[in-house]
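Undergrad: As a plain string of letters, each chain reads:
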Amino acid sequence: MEGMINVKVTDREGQVHELEAPTDMNMNMMEVCKSYELPVEGTCGGMALCASCHMYILSDHTLDPPSEDEEDMLDQAFFVEDNSRLGCQIKITEDLEGLEVQLAQVE
Amino acid sequence: MIETNILIIGAGPVGLFTVFEAGLLKLKCHLIDSLPEPGGQLKEIYPKKPIYDIPGYPSILAGELVDNLMEQIKPFNPTFTLGERAESIEKQEDGSFLVTSNKGTVIKANVIAIAAGLGCFEPRKPPLSNITDFEDKGIEYIIKDPSIYKDKKVVIAGGGDSALDWTIILADIAKEVTLVHRRESFRGALDSVEKVVELDKQGKVKLITNAQVVGLEGADQLERVLIKHKELGDISKEVDHFIPLFGLSPKLGPIANWGLNVTKNAIEVDTLDYSTNIPGIYAIGDINTYEGKLKLILCGFHEGTLMVQSAFKYIYPDKKLSFKYTTVTGIDGLQ
Numbered sequence: 001m002e003g004m005i006n007v008k009v010t011d012r013e014g015q016v017h018e019l020e021a022p023t024d025m026n027m028n029m030m031e032v033c034k035s036y037e038l039p040v041e042g043t044c045g046g047m048a049l050c051a052s053c054h055m056y057i058l059s060d061h062t063l064d065p066p067s068e069d070e071e072d073m074l075d076q077a078f079f080v081e082d083n084s085r086l087g088c089q090i091k092i093t094e095d096l097e098g099l100e101v102q103l104a105q106v107e
Numbered sequence: 001m002i003e004t005n006i007l008i009i010g011a012g013p014v015g016l017f018t019v020f021e022a023g024l025l026k027l028k029c030h031l032i033d034s035l036p037e038p039g040g041q042l043k044e045i046y047p048k049k050p051i052y053d054i055p056g057y058p059s060i061l062a063g064e065l066v067d068n069l070m071e072q073i074k075p076f077n078p079t080f081t082l083g084e085r086a087e088s089i090e091k092q093e094d095g096s097f098l099v100t101s102n103k104g105t106v107i108k109a110n111v112i113a114i115a116a117g118l119g120c121f122e123p124r125k126p127p128l129s130n131i132t133d134f135e136d137k138g139i140e141y142i143i144k145d146p147s148i149y150k151d152k153k154v155v156i157a158g159g160g161d162s163a164l165d166w167t168i169i170l171a172d173i174a175k176e177v178t179l180v181h182r183r184e185s186f187r188g189a190l191d192s193v194e195k196v197v198e199l200d201k202q203g204k205v206k207l208i209t210n211a212q213v214v215g216l217e218g219a220d221q222l223e224r225v226l227i228k229h230k231e232l233g234d235i236s237k238e239v240d241h242f243i244p245l246f247g248l249s250p251k252l253g254p255i256a257n258w259g260l261n262v263t264k265n266a267i268e269v270d271t272l273d274y275s276t277n278i279p280g281i282y283a284i285g286d287i288n289t290y291e292g293k294l295k296l297i298l299c300g301f302h303e304g305t306l307m308v309q310s311a312f313k314y315i316y317p318d319k320k321l322s323f324k325y326t327t328v329t330g331i332d333g334l335q
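Residue numbers (the numbering used here), protein chains in the order written: chain D, 1 to 107; chain W, 1 to 335.
Keep in mind the hints are simulated off the structure, nothing from the lab. If you're wondering where the values come from, they're calculated on a predicted model, not measured in any experiment. Using N, Cα and C, we set each Cβ at its ideal position, and we do this for glycine too. Check the hints yourself; a few may be wrong.
Computed list of lysine-lysine pairs in DSBU-like fashion (alpha-carbon distance at most 30 angstroms, straight line) [what the hints assert, rightly or not]:
{"#": "1", "chain 1": "D", "residue 1": "34", "chain 2": "W", "residue 2": "320"}
{"#": "2", "chain 1": "W", "residue 1": "74", "chain 2": "D", "residue 2": "34"}
{"#": "3", "chain 1": "W", "residue 1": "319", "chain 2": "D", "residue 2": "91"}
{"#": "4", "chain 1": "D", "residue 1": "34", "chain 2": "W", "residue 2": "28"}
{"#": "5", "chain 1": "W", "residue 1": "204", "chain 2": "D", "residue 2": "34"}
{"#": "6", "chain 1": "W", "residue 1": "319", "chain 2": "D", "residue 2": "34"}
{"#": "7", "chain 1": "W", "residue 1": "206", "chain 2": "D", "residue 2": "8"}
{"#": "8", "chain 1": "W", "residue 1": "125", "chain 2": "D", "residue 2": "91"}
{"#": "9", "chain 1": "D", "residue 1": "91", "chain 2": "W", "residue 2": "28"}
{"#": "10", "chain 1": "W", "residue 1": "28", "chain 2": "W", "residue 2": "230"}
{"#": "11", "chain 1": "W", "residue 1": "264", "chain 2": "W", "residue 2": "74"}
{"#": "12", "chain 1": "D", "residue 1": "8", "chain 2": "W", "residue 2": "293"}
{"#": "13", "chain 1": "W", "residue 1": "26", "chain 2": "W", "residue 2": "125"}
Derived DEER-like restraints, expressed as beta-carbon distance ranges [said to hold, decoys possible]:
{"#": "14", "chain 1": "D", "residue 1": "105", "chain 2": "W", "residue 2": "49", "range": "41 to 49 angstroms"}
{"#": "15", "chain 1": "D", "residue 1": "64", "chain 2": "W", "residue 2": "59", "range": "43 to 51 angstroms"}
{"#": "16", "chain 1": "W", "residue 1": "83", "chain 2": "D", "residue 2": "36", "range": "21 to 29 angstroms"}
{"#": "17", "chain 1": "W", "residue 1": "230", "chain 2": "D", "residue 2": "94", "range": "28 to 36 angstroms"}
{"#": "18", "chain 1": "W", "residue 1": "94", "chain 2": "D", "residue 2": "91", "range": "24 to 32 angstroms"}
{"#": "19", "chain 1": "D", "residue 1": "60", "chain 2": "W", "residue 2": "272", "range": "49 to 57 angstroms"}
{"#": "20", "chain 1": "D", "residue 1": "94", "chain 2": "W", "residue 2": "169", "range": "14 to 22 angstroms"}
Partial list, derived from the structure: chain D residues whose beta carbon lies under 8 angstroms from chain W [claimed, not checked]:
{"#": "21", "residue": "36"}
{"#": "22", "residue": "43"}
{"#": "23", "residue": "44"}
{"#": "24", "residue": "47"}
{"#": "25", "residue": "49"}
{"#": "26", "residue": "59"}
{"#": "27", "residue": "63"}
{"#": "28", "residue": "67"}
{"#": "29", "residue": "70"}
{"#": "30", "residue": "72"}
{"#": "31", "residue": "106"}
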């Protein structure tokens, strides 16, 4: 469908959720997960000021590199890997068709 | 014992503004908050962020909004218990409540308004499966008494100011201090970073960057931490103490056990007056939930305003309540 991309989210139990995400709503991956009621807190509301939407990028999409703010916040996350990102900093665009992510463990 | 009309749990923007609306009805408020200063998330998480949806303010910094609210409620002389968490609640025969904090402070109130946002801020705990086995047996999330680390082997994890500051302080106290951080740069203050790097060069602390603590081992007490290093692989390190310092995150906490109807970490309320299932206890702001709920400061202000009307009737069932505009009556402060 136009204005929609398909993304896959693996939850903390390993279950894969196939979601549709609109490209014209200025949404990010944290918000997409929340709108499908997946267990992503998004405590700070998407300002890269908490680390509650920590996720791993599984597909080989090229994303904009994390900002210094995002790196700083990833310091408060656990099990941070090279493919770690904050979901709130991943803007939904057409380029992300087929994006696959996995939610990181939380406390 | 502290006595008040309304005990507001949570001194965020919604709790603060509720003092104003309660004050217009001559109701006294006391606020309790687990953080050391009023303001909640706005002060703790994003004081320098502009907010654009406060009516009448095209833009206002979160920290400024809190300062303004504090100014606005000044005439009503609210009192505060800060740095303490509301722990338990007991309903009295006369319909009032006794709330006890984690530090033993007792507050008697006619009405309780829970304005706790996302809950109380607590240290973030690494999701290591056996971490609770070692709490107070080698793992501390908060350093209360640095002297317990005397002549001990300590591993600190984190990259912020508290991790850096404690590394510097404990360097003089502990037998051995290791700071583990996931990357080479730190978000903490530059002079602290330089100090830690210098201490590392002098051999007074051991700095392990590009690494994370991924495992804990020990029989009864913590004995070893497993550190995963990006290039060097797994390192097993003998320790007496492990101090993870990863900032704070909000938790619903003890309120969850107060007999309130809770769904998905939020308290169910009646939108008529934001009352909960327990008469005399209200929930306002981000902590509550109802159909169509939006977690906005703006909505919390509205909820607090309606709530105090109902609280007045709960406290004074026989008194008539007349609605007045501040433009007509001005502000009549409280002692």
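Undergrad: Name the hints, by number, that the structure is in violation of.
TA: Hint check: 1, 2, 3, 4, 5, 6, 7, 9, 10, 11, 13, 14, 15, 16, 18, 20, 21, 26, 27, 28 and 29 fail, others pass.
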